[in-house]
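For the record, the sequence lines run as chains A and B.
Following my numbering from start to finish, the first sequence increments by one per residue and tops out at 176.
Following my numbering from start to finish, the second sequence increments by one per residue and tops out at 209.
Hints are computed from structural coordinates only; laboratory data are not their basis.
Between beta-carbon pairs, the in silico distance windows are:
# : chain 1 : residue 1 : chain 2 : residue 2 : range
1 : B       : Ala42     : A       : Gly99     : 40 to 46 angstroms
2 : B       : Asp136    : A       : Gly99     : 46 to 52 angstroms
3 : A       : Gly84     : B       : Ala32     : 39 to 45 angstroms
4 : A       : Ala171    : B       : Thr164    : 55 to 61 angstroms
5 : B       : Thr83     : A       : Val153    : 35 to 41 angstroms
6 : A       : Gly99     : B       : Asn97     : 41 to 47 angstroms
7 : A       : Gly47     : B       : Gly86     : 27 to 33 angstroms
For every residue, glycine included, the Cβ atom is placed at its ideal position computed from N, Cα and C.
Residues per chain are reported as follows:
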Amino acid sequence: MRRTARLLTGTALAVAAAGLATAPAAYAGDGAAPGRLDVYPSSVVPGDGATVNTAACGESGSAAGDATAVGGGTFALAPTTHRGEAIGRFTVPSSAQPGTYEIVATCGESGRRVAGDLEVTLTSAAQVHPRGSVKTGVGGALGPGPVQTAAGVTALAVAAAGGTWLLHRRARGDGI
Amino acid sequence: MRKTGDAAIATVTVVALCAGAWLLSGGSGTGAPPQPSPAQAAGTGAGRDTGTSASPALPPSPPDRVRIPAIGVDAPLTGLGLTHSGSLDVPPPQKKNLAGWYEAGATPGERGTAIVAGHVDNAEGPAVFYRLGALDKGDAIEVVRRDGGVAVFTVDAVEVYAATDFPDEKVYGTAARPELRVITCGGGYRKGTGYQGNVVVFAHLTGSR
Numbered sequence: 001m002r003r004t005a006r007l008l009t010g011t012a013l014a015v016a017a018a019g020l021a022t023a024p025a026a027y028a029g030d031g032a033a034p035g036r037l038d039v040y041p042s043s044v045v046p047g048d049g050a051t052v053n054t055a056a057c058g059e060s061g062s063a064a065g066d067a068t069a070v071g072g073g074t075f076a077l078a079p080t081t082h083r084g085e086a087i088g089r090f091t092v093p094s095s096a097q098p099g100t101y102e103i104v105a106t107c108g109e110s111g112r113r114v115a116g117d118l119e120v121t122l123t124s125a126a127q128v129h130p131r132g133s134v135k136t137g138v139g140g141a142l143g144p145g146p147v148q149t150a151a152g153v154t155a156l157a158v159a160a161a162g163g164t165w166l167l168h169r170r171a172r173g174d175g176i
Numbered sequence: 001m002r003k004t005g006d007a008a009i010a011t012v013t014v015v016a017l018c019a020g021a022w023l024l025s026g027g028s029g030t031g032a033p034p035q036p037s038p039a040q041a042a043g044t045g046a047g048r049d050t051g052t053s054a055s056p057a058l059p060p061s062p063p064d065r066v067r068i069p070a071i072g073v074d075a076p077l078t079g080l081g082l083t084h085s086g087s088l089d090v091p092p093p094q095k096k097n098l099a100g101w102y103e104a105g106a107t108p109g110e111r112g113t114a115i116v117a118g119h120v121d122n123a124e125g126p127a128v129f130y131r132l133g134a135l136d137k138g139d140a141i142e143v144v145r146r147d148g149g150v151a152v153f154t155v156d157a158v159e160v161y162a163a164t165d166f167p168d169e170k171v172y173g174t175a176a177r178p179e180l181r182v183i184t185c186g187g188g189y190r191k192g193t194g195y196q197g198n199v200v201v202f203a204h205l206t207g208s209r
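So that you can see chain B by itself, here it is in the shape it has in the complex:
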């Protein structure tokens, strides 16, 4: 009888030890978010501009949702402004499935550069754009607009830029056709300074429905 009790205690001890070690080493935590490979950068590989011709611009209409089927994103969009330092503001981090769009820029589908941003993670774990860096050239990004239409964009490039050398004009500058940027954090993580830069997805309008 005593032997059975001891065996049970031994089993519990071993299980608790393993579980504790697993939990503290990250457990089901997903680890570092995926980062784009050099092959997804602009001007490399066969997929450049994906061979998909640009669609004519849509009339302006504010967006309501962003969907990226390849990485399982389906998120509402909130309006974003600028911080006092002039950088793009971000959605409240507590709402992990909320993305935002820059209200003073072009609306997605309209001629010009529309900007969408969302968190890669928050204090609890992965957030809406955790897998953004895993996108490939040619993947689709859909924006549901308030006018009832859906603007469909095709990914041209997925880049990662250091915060210390951020190409403002390339990312935010005006475009002659309807384009979209989707931005999240990336570029490696350091304790104290956090993520070192941003993953930026470049896409252009290729359809609507």
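Just chain A, with the same shape it has in the complex:
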């Protein structure tokens, strides 16, 4: 019984640790996750090219790419000033068979190895085009915004108070 409990606790801790480890990657947004090789597009037809990028090799690190799994040979990943990522390209041969292949890059300096998946399909999925107009505005530029309206109303209230005061004084014959 105690053993089971310990086992369960251990499992829970391991899951939590894994969650913590993957959390930063989930928040990395658009950029390549540090420990991963991004392959774009992730699905290609034989004969197409693909781009890979990774942030794993540091700000100005280059890397050696390996696409031999899919028959794309080896290629170089060069550092770019943009986002501090290393970027490379390879071509999937027209003889490639459908399936999922691992593309690998090894950092020049650290020797760190990162990998990403590439899917090869025989026919590219038909592109779906959007339809109709796009809802990209609500008219907020046309009139005063809520803050401006509040400020305007306040200013008018001040004017009304001032005007009332002056008229009141004049009515009492105090003169201005």
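Based on the hints, put chain B in the right spot on chain A.
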């Protein structure tokens, strides 16, 4: 002494009256966004296709930013999908300087039609593509790509289309060369129904660096 006080109150009253009227009539609000003139439509004027020859297509790479120097745009791009009705989704309107690109279409610079969309305004005021309708044929649109390159497009036409008669094929259809569409709201505004259509900028790839 009393006279000075009265004069001060009178001055404050007049200033407050003017300020209140100005604020409520729109204040520093920018008013209706600029709309393209007929001269910027396709197939009119001398600037048609701008005489700039098309550049060969770039390999696919997702975009990171869009820059339109002529109207002061420099904005990050987020990925967009489709709404359940099949129309192009839009970036979150709260982020007024955020534009989006259609992820299931061509990437900007790649052969085909790449689509970028952004808001003309949000509830607070003007947004990223407020001045899109002021673009001219021949103006440059730059897209910074994740592969580190910059795809440079040249504007061919700036059109405005009613939502009730939107030319889907012309705007979204496939192209044999690398092309770009930049879309925002326009075509007049009506209370209740909002903007009546879209301003659409047509551009093609003319360079890269």
